[in-house]
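Visitor: Residue strings, one per chain:
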Amino acid sequence: MESRKLYNRIAILRKERNVSRKELADNIGVNFQTVGYLEREEYNPSLDLAFKISEYFKLPVEFIFSTELMKPMSQELFDNSKKQ
Amino acid sequence: MIIQKNNKMKRNISIQNRRLWILINSFALIILVIVAELFINTSLLEGWFWILFLIILIVLLVSFKMFYVDTGLWKHIHKKSKYLDEREAMVLTKAVRLSYTIFVVTVMLIIYAFAVIEKGPIDVVIAGSLIYIAHILPAAIIAWSEKEI
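Chains W and Z supply the protein sequences, listed in that same order.
For what it's worth, the working numbering labels the leading residue of the first sequence as 1, then goes sequentially.
For what it's worth, the working numbering labels the leading residue of the second sequence as 1, then goes sequentially.
Looking at chain Z on its own, in the form it has when it is part of the complex (with noise of 0.2 Å):
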């Protein structure tokens, strides 16, 4: 294992702190959604539709600064294996098993639900979000459950 020593850019999180940015994230994809769907599909949002989506919008950066940059998530997923040590490498293993397995299940629950309310094919905004958590999923799950990262 090559050992790098550039960890300037990363901040010690406490667990409660990351699983309380990685819930923010997560109900702000969600809302941004819902609000994006609402605004496409019906004419309830107007007015309101770009201040509510740029507040939503940073809401969803600010944590996703917190829990994936700053705790140096980021350089972390992104590195080489040969970057690694043993545990870091069975750590990401494990998180990226278990992003499979939800993301599957999310993906499949989606469609699911499309063809019951007969709303056709998932439209960009849906496609969207499913990129971004695909994305994350390793981080978040990383940022989750373990103590020192």
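Next comes chain W alone, as it looks inside the complex (with noise of 0.2 Å):
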């Protein structure tokens, strides 16, 4: 059964917090490789991956992840400031 794709927001969460590959995969319990194949969303993390990925950077897990593309954080923080 293919499943289906994933996107995320891995790399950009990681660029803002300056968190290294390494120092992530450390940190969720995976190779340093892995990291990079979440990244490029050639790979489908578990639910306990996910929900690790999501307690490390205290962030919902849908706000990581979605079966749909996602819209840059930016639009999405534009967004909100001006519904409120």
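In case anyone wonders, no lab produced these hints; they're calculated from the structure.
Heads up, the beta-carbon is just placed ideally off N, CA and C, and yes, glycines get one too.
Worth double-checking, as some hints may not be accurate.
The calculated lysine-lysine pairs, modelled on DSSO-like cross-linking and capped at a C-alpha distance of 30 Å, are [stated by the list, open to error]:
1) Z/Lys82 to W/Lys82
2) Z/Lys82 to W/Lys71
3) Z/Lys65 to W/Lys5
4) Z/Lys79 to Z/Lys94
5) Z/Lys75 to Z/Lys65
6) Z/Lys65 to W/Lys52
7) Z/Lys75 to W/Lys82
8) Z/Lys75 to Z/Lys147
9) W/Lys15 to W/Lys71
10) Z/Lys82 to W/Lys52
11) Z/Lys80 to W/Lys22
12) Z/Lys94 to W/Lys52
13) W/Lys5 to Z/Lys82
14) Z/Lys119 to W/Lys22
15) Z/Lys75 to W/Lys22
16) W/Lys71 to W/Lys83
17) W/Lys71 to Z/Lys94
18) W/Lys22 to Z/Lys82
19) W/Lys71 to W/Lys52
20) W/Lys5 to W/Lys15
21) Z/Lys65 to W/Lys15
22) Z/Lys75 to W/Lys52
23) Z/Lys147 to W/Lys22
24) Z/Lys79 to W/Lys52
25) W/Lys58 to Z/Lys119
26) Z/Lys65 to Z/Lys119
27) W/Lys58 to Z/Lys65
Only some residues are given here: those of chain W computed to face chain Z with a beta carbon under 8 Å [to be verified]:
28) Tyr43
29) Asn80
30) Ser81
Reconstruct the complex from the two isolated chains, following the hints.
Guide: See the structure below:
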């Protein structure tokens, strides 16, 4: 059974917080090559790994991962500020 | 998963170079087997056998080192499963499954070919090469298909 493509914000979150792939990998319990595969959206993480990533960045899973193409974070921030 | 911190032996080789070394290794093995079979069964290579054999063996060993040892695949394939993360475990499982298929088909073709040409049972040269193929196939598949290892 083929799984859907999952989009994510791992690369941008990592850059924002100045976290290296190795650092992230060590904290979520994978090897750093796997972080690369996650960022390039070439590998869908298990639920457990997705939650570990969410706990590391202290953000909800649905903010980091999506089955649809994600809006840029800056666009989301702007849209949210307009709603307020 | 337990993270191993010892990656000192690993060298970053591009996927194109890895594929090239795999092809060189495969062709070297085939030529080595042909040369050995010709020497055993005919008198074609009498004066030349050991020189040819040595040259091809060096090519085989160098290409083996380049795609198997220097990339860290040797260590990776022999790691205990507790040291593999979920993606690596999945990749290794896929590679082993595909290796099994390729190996079985190869063995069947060789046995069938031997039966058709009435050569009898396979000899030690073919058996040795099959053992080598069985050993390196999962790593070769990973080296061929994975962007990063």
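Visitor: None of the hints should be skipped; say for each whether it holds.
Guide: For each hint, the structure was consulted:
1. Z/Lys82 to W/Lys82: 49 Å, violated
2. Z/Lys82 to W/Lys71: 37 Å, violated
3. Z/Lys65 to W/Lys5: 36 Å, violated
4. Z/Lys79 to Z/Lys94: With a Cα-Cα distance of about 16 Å, the restraint between lysine 79 of chain Z and lysine 94 of chain Z holds, given a limit of 30 Å.
5. Z/Lys75 to Z/Lys65: 12 Å, holds
6. Z/Lys65 to W/Lys52: Measuring from Cα to Cα gives roughly 37 Å; hence the hint is violated.
7. Z/Lys75 to W/Lys82: Not OK: lysine 75 of chain Z and lysine 82 of chain W at ~54 Å, beyond 30 Å, violated.
8. Z/Lys75 to Z/Lys147: Satisfied, since the Cα-Cα distance of roughly 18 Å is no more than 30 Å.
9. W/Lys15 to W/Lys71: Within the cut-off at roughly 17 Å; holds.
10. Z/Lys82 to W/Lys52: 18 Å, holds
11. Z/Lys80 to W/Lys22: Holds. Lysine 80 of chain Z to lysine 22 of chain W sits at ~21 Å (cutoff 30 Å).
12. Z/Lys94 to W/Lys52: Holds, at roughly 25 Å.
13. W/Lys5 to Z/Lys82: 27 Å, holds
14. Z/Lys119 to W/Lys22: Not satisfied, since the Cα-Cα distance of roughly 56 Å exceeds 30 Å.
15. Z/Lys75 to W/Lys22: Measuring from Cα to Cα gives roughly 19 Å; hence the hint holds.
16. W/Lys71 to W/Lys83: 16 Å, holds
17. W/Lys71 to Z/Lys94: Not satisfied, since the Cα-Cα distance of roughly 34 Å exceeds 30 Å.
18. W/Lys22 to Z/Lys82: Distance ~19 Å between lysine 22 of chain W and lysine 82 of chain Z Cα, so the pair holds.
19. W/Lys71 to W/Lys52: 23 Å, holds
20. W/Lys5 to W/Lys15: 23 Å, holds
21. Z/Lys65 to W/Lys15: 36 Å, violated
22. Z/Lys75 to W/Lys52: The hint holds at about 27 Å.
23. Z/Lys147 to W/Lys22: Cα-Cα ~17 Å, so holds.
24. Z/Lys79 to W/Lys52: Holds - the C-alpha atoms of lysine 52 of chain W and lysine 79 of chain Z are around 24 Å apart, at most 30 Å.
25. W/Lys58 to Z/Lys119: 68 Å, violated
26. Z/Lys65 to Z/Lys119: The hint is violated at about 34 Å.
27. W/Lys58 to Z/Lys65: 44 Å, violated
28. Tyr43: 5 Å, holds
29. Asn80: Violated. Min distance 33 Å.
30. Ser81: 37 Å, violated
In this structure, the earlier hints numbered 1, 2, 3, 6, 7, 14, 17, 21, 25, 26, 27, 29, 30 are contradicted, and the remaining ones agree with it.
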